[in-house]
Amino acid sequence: MIEVEEALDQGDEGLSANPYGVIAESAFLPAPARPSPLLERILDDPRMHHFAQGLLSCVQCGICTSGCPAARFADYSPREISRRARDGDETLLEDDSVWLCSYCYTCQSRCPQGNSVAVINQIIRGMQVESGYGLKHVALFTAWAEQFYATGIGGWPHELLGDIADVWGERWWHLVERLDDLREEMGLGSLYPSEAAIGELRTIMDETGFRTRLRLPDAEARSLRAAQAGKSPSTER
Amino acid sequence: MPTSTPDIAPITHGVELFHSCLVSTQYPGVEAATKWLFEQLGVEYVVNPDQTCCTGLGYYTDVVSFPTSVAVAARNACVAVESGHPIQAYLCSTCYAVNKKAREVLEEPEQRQRTNEVLSKIGRRYDDAVANEVRHHHVLEILWSRHPAIPALIRRRLSGIKVATHPACHYCKVFPDEVLGDSENLMLPEDLLEPAGVEKTGYYPEKTTHCGAGFRQRFVNPAMSMAVTREKLRRLAEQGVDVCVHMCPNCHVQFDRFHDVISKTTGEDYPFVHLHVQQLLALALGADPDTVCGVEAHSQDLEPLLERIGARPRVSVAAAAAEATAAEGAR
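Here the protein sequences line up with chains A and B, keeping their order.
Residue numbers for the first sequence follow our numbering, beginning at 1 and rising by one.
Residue numbers for the second sequence follow our numbering, beginning at 1001 and rising by one.
If you are wondering where the hints come from, they were derived from the structure by calculation, not from laboratory data.
Just so we're clear, the structure is a prediction, and the values are computed from it rather than from any experiment.
Beta carbons: idealized from backbone N, C-alpha and C, even for Gly.
Each hint should be verified, as a subset may be incorrect.
Unchecked claim - Simulated restraints, written as ranges between beta carbons of each label pair:
1. Ala1009/B / Gly132/A: 46 to 56 Å
2. Gly88/A / Pro1176/B: 25 to 35 Å
3. Lys1162/B / Leu216/A: 40 to 50 Å
4. His50/A / Glu1303/B: 41 to 51 Å
5. Asn1116/B / Leu140/A: 25 to 35 Å
6. Gly88/A / Ala1009/B: 39 to 49 Å
7. Ala1149/B / Gly132/A: 51 to 61 Å
8. Gly162/A / Ala1149/B: 44 to 54 Å
9. Gly162/A / Asn1132/B: 39 to 49 Å
10. Lys136/A / Ala1149/B: 50 to 60 Å
What the hints assert, rightly or not - Per the computed footprint, the stretches of chain A lying under chain B, defined by three or more beta-carbons under 8 Å from a beta-carbon of chain B, are:
11. 142–152
12. 189–198
Stated by the list, open to error - Which stretches of chain B does chain A cover? Using the computed rule of at least three CB atoms under 8 Å from a CB of chain A, they are:
13. 1013–1027
14. 1070–1077
15. 1109–1122
16. 1209–1219
17. 1288–1296
Please model the entire structure based on the sequences and the hints provided.
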């Protein structure tokens, strides 16, 4: 080992022989590049633009998990989702736990770094639907999608309520039967938007790939079938 | 308890009461009560038949993509501005969040251009003129802007009625910085009702916990959904509240329709009812419980509360018995 004074005298040449010098130099090397297509895709989503720095600076404090209802009652951790998204962990693309989020946004509103796991979840779910993996998770809700496409309003279609309607019991069925009359008695207008508005809505949905994304049957075939069945969504028992 | 909700400039005209699918199909009285309140408080508004639903339930069950949702919101903004009623007033907190999120994203030129390519197919355009004019408010914000007029309009005192707020997540947590008041302890609903003499609850444990609906969770993970709702019902019962007030129809569905079901299953007593803020406020201002508040659509029995606040004729047991005896004697 050379003396410090000697090393200083010898300039750079001396420093390179100093083991501390070697460590110091390596400490300034850039971190190895870890290309992460998934992270890039998440950060590119317009919904993430406000939260990009937040995700990149997540310190894994866990405040998201402490307030999360799904973390409390199910096997789910928003903190883990954040870490895996930051790492570009591609297994997220076939992970069913992202479907446990309730979109209550408690994680987002309390995150001290400005991250949003709710938004990350929604982006990943979208990727899963588009790849086909997540279709099983949305299959039940295509009833909603078809009703919206047909009528321009959402609501919970009765096909979706199923057992829930039975639990809600007679008072619920009473409302279903009375809804139109009730609305009239209160002087409320039509449940549905104008025909022109529904037409524009369908164009928007077609143009943004609504049906193809969900692998829904051709709209014309579907609407023909619905017309033949004389369907009135929302109010039909 | 002092009022903590900050004042905002009065909103008196140019309001579009934005149709909510869940209000329309589950609690139409919420819409009727809101209209009635707007009239009482001098808020000029329209319901626009060219407005479509916001996509919220589909967007949050992941069957509607973000680009679809943004384009629908952009179209609804165009329609509102075109009609001269650019202040979109939301009955539902998810409508509020979805439209506001779209507005934020449409500020990015690239996103706006993409959306306008879609809108060009229906001959519409979301441009600066639309962006600068359209405004997004929860209905409660509009009502709050007129709150100085409320005290003089009270017709039924709600003295002795303890009220707690269930703060809607999509109002409080999606844009927490834009909430009227504290997003972790929203007092807007209780402050609106204060002139009627209600007892306010303020903060309580689990106040910010969501309703349990969780969009898809109610349908696919009922155990988790019900566990959350039960937790909240227990906490509200601990506070001894008479009414839990709501500002989002999806929360209202979760609580009103499952309240008695959960109570029966668990054997726990939750001795209170659920109403929308507008319904309770309208009742305090003298509205009819049926033709204005539409209480028939509720799953819970609201009659005892309505009697208590003088919205139904009070029938005493003695009078009812005397009536029955008289009827018997006449036979």
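Point to revise | Annotated coverage of the segment 1109–1122 of chain B by chain A, confirmed only when three residues or more have a Cβ within 8 Å | key: Since three or more residues must qualify, the claim that chain A covers the segment 1109–1122 of chain B holds, with 5 doing so at under 8 Å.
**Study point:** Cβ distance range 25 to 35 Å for glycine 88/A and proline 1176/B, holds or violated
**Key:** Holds: the Cβ-Cβ distance is about 28 Å, inside 25 to 35 Å.
Point to revise | Cβ distance range 39 to 49 Å for glycine 162/A and asparagine 1132/B, holds or violated | key: holds (46 Å)
Exercise for review: Quick one: see if chain A covers the segment 1070–1077 of chain B, three-plus residues with Cβ-Cβ under 8 Å.
Suggested key: holds (count 3)
Review point. Holds or violated: 40 to 50 Å for the Cβ distance of lysine 1162/B and leucine 216/A?
Key: holds (48 Å)
**Study point:** Outcome of range test on Cβ distance (glycine 162/A, alanine 1149/B; 44 to 54 Å)
**Key:** holds (45 Å)
Check your understanding: Residue count check for the segment 189–198 of chain A against chain B: does it reach three with CB-CB under 8 Å?
Key -> holds (count 8)
Practice item. Tell me if chain A covers the segment 1288–1296 of chain B under the three-residue, 8 Å CB rule, please? Key: With 5 residues closer than 8 Å to chain A, the segment 1288–1296 of chain B meets the three-residue bar; holds.
Exercise for review: Take a look at whether the Cβ-Cβ distance between asparagine 1116/B and leucine 140/A falls inside 25 to 35 Å.
Suggested key: Hint holds: Cβ distance 34 Å, inside 25 to 35 Å.
Check your understanding: Are there at least three residues in the segment 142–152 of chain A whose beta carbon sits under 8 Å from a beta carbon of chain B?
Key -> holds (count 5)
Exercise for review: Mind taking a look at whether chain A covers the segment 1209–1219 of chain B? Criterion is 3 or more residues with CB to CB distance under 8 Å.
Suggested key: Since 10 is at least three, the answer is holds.
Exercise for review: Mind checking the hinted window 41 to 51 Å against the Cβ distance between histidine 50/A and glutamate 1303/B?
Suggested key: 47 Å Cβ-Cβ, so the 41 to 51 Å window holds.
Checked against the numbered hints above, the structure violates none of them.
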